[in-house]
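Participant: Quick note: numbering that gives the first Met the number 0 has the sequence shown finishing at residue 297, numbered continuously throughout.
Everything labelled a hint here was simulated from the structure, so no lab data went into it. There's no promise every hint is true.
[Claimed, not checked] Subject to a maximum C-alpha distance of 16 Å in a straight line, what follows is the list of computed EDC-like cross-link-like pairs (lysine to aspartate or glutamate):
hint, residue 1, residue 2
1, 249, 227
2, 284, 262
3, 112, 295
4, 97, 33
[Claimed, not checked] Restraint ranges, calculated between C-beta atoms of paired labels, are given here:
hint, residue 1, residue 2, range
5, 239, 78, 41 to 49 Å
6, 270, 148, 30 to 38 Å
7, 249, 98, 22 to 30 Å
8, 283, 80, 15 to 23 Å
9, 216, 246, 37 to 45 Å
10, 248, 31, 39 to 47 Å
11, 198, 117, 13 to 21 Å
12, 30, 155, 26 to 34 Å
13, 249, 201, 21 to 29 Å
14, 60, 196, 29 to 37 Å
Just so it is clear, CB atoms sit at the ideal spot from N, CA and C, and this is done for glycine as well.
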Amino acid sequence: MNKLSLILLFFCSFNELFGQSICGKIIDSESLAEVEYATITIPNKQFGIVSDIQGCFNIDLNKIEKSDFIYASALGYFPDSILLNSGINTDTLVIKLKRKNFQLNEVVIHSQKIKSIKLGIDNTPKRIMWNYGLPGLQRAIFIDNKKNNKNLFISSVGVYIDTIGFSQTPLRIRILSKSENGLPDKDLLESNVILRNSIAGEYNIIDLSEYQIAFPTSGAFVSIEWIEEGEEFYYTKKIVNGNKPPFELKGYGPTLGIISSNDNSKYWKKLVGKQWGENSKNSNKIHPMIYINLNEIN
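Start from the sequences, fold in the hints, and give me the full structure.
Facilitator: Have a look at this one:
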């Protein structure tokens with residue numbers, strides 16, 4: 000990998016100046032514009048964070064060592080890394096990422112030959128369970144291309160947002176391919192698509208038609224990622240489960256509606272810096288209320 004470009008950014012807070020944390024910012028290497036919601040990880044510690052809307056981030060130095068690598072990545076950019084003990088100024092830094100150049104394939108559409116297909120969970124039962132979120136957490140559901148159709152393009156995604164929590168905070172929509180071992184893999188949607196101020200108690204529709212994403216013959220994962228917006232958007236909820244002692248659960252931002260389903264496809268989760276894994280022992284019995292709209296072109 001190429002060495003990251005590092006320059007002095009700005010004076011951080013009093014504690015940061017005395018080495019308590021790394022204070023940095025991620026910007027576009029050409030335009031110098033902020034790269035919002037970039038991902039910064041320390042793979043050796045299985046730790047990571049997401050930058051804010053200005054591309055700024057802070058890492059607690061108590062969680063890392065000088066022998067660690069910092070990895071920076073963002074949708075639509077080439078990732079890069081740097082070794083902490085390489086002589087850089089870790090008090091303040093700017094990380095410049097190089098943008099990828101994409102060329103969308105031209106798709107000629109004749110209206111009489113388009114067929115709309117909806118896959119996933121699109122019904123609203125009387126009783127809705129819910130799924131809490133945390134900053135940097137992704138929850139994903141696999142949607143199969145059962146006909147192995149090669150002429151499908153993603154037009155939109157529907158996500159049910161429950162009334163618990165704070166629906167005004169941002170969620171990032173991600174479309175991921177399936178790896179050989181069946182896990183979520185590469186981003187097929189290479190742009191930041193953010194759902195903000197979602198409407199609680201119903202499906203929220205996210206239009207993806209402009210990105211011309213071909214739906215893989217092997218299927219794809221739809222992932223929802225929570226983005227940190229501030230401490231005021233955390234909440235606690237008392238959980239009562241039968242005869243078991245009640246406990247308080249701490250969540251953040253919006254909650255996803257989930258339902259029971261006989262579909263055997265797995266339900267996955269991932270925290271920043273960690274690996275994908277099954278959401279729970281019941282991952283083939285519960286599903287986030289997410290569906291995908293496709294256009295079939297013949």
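Participant: Now tell me if each hint is right for this structure.
Facilitator: How the hints compare with the structure:
1. 249 to 227: It holds: about 14 Å lies between the C-alpha atoms, which stays within 16 Å.
2. 284 to 262: Distance of about 7 Å is within 16 Å: holds.
3. 112 to 295: Status holds; Cα separation ~8 Å.
4. 97 to 33: holds, 12 Å
5. 239 to 78: 41 to 49 Å: holds, 44 Å
6. 270 to 148: 30 to 38 Å: holds, 34 Å
7. 249 to 98: 22 to 30 Å: About 37 Å separates the Cβ atoms of residue 249 and residue 98, which means 22 to 30 Å is violated.
8. 283 to 80: 15 to 23 Å: violated, 36 Å
9. 216 to 246: 37 to 45 Å: Given range 37 to 45 Å: holds, Cβ gap about 44 Å.
10. 248 to 31: 39 to 47 Å: holds, 42 Å
11. 198 to 117: 13 to 21 Å: At 19 Å between Cβs, range holds.
12. 30 to 155: 26 to 34 Å: Distance hint for residue 30, residue 155 holds at roughly 29 Å.
13. 249 to 201: 21 to 29 Å: Between residue 249 and residue 201, where Cβ atoms are some 25 Å apart, the hint holds.
14. 60 to 196: 29 to 37 Å: holds, 35 Å
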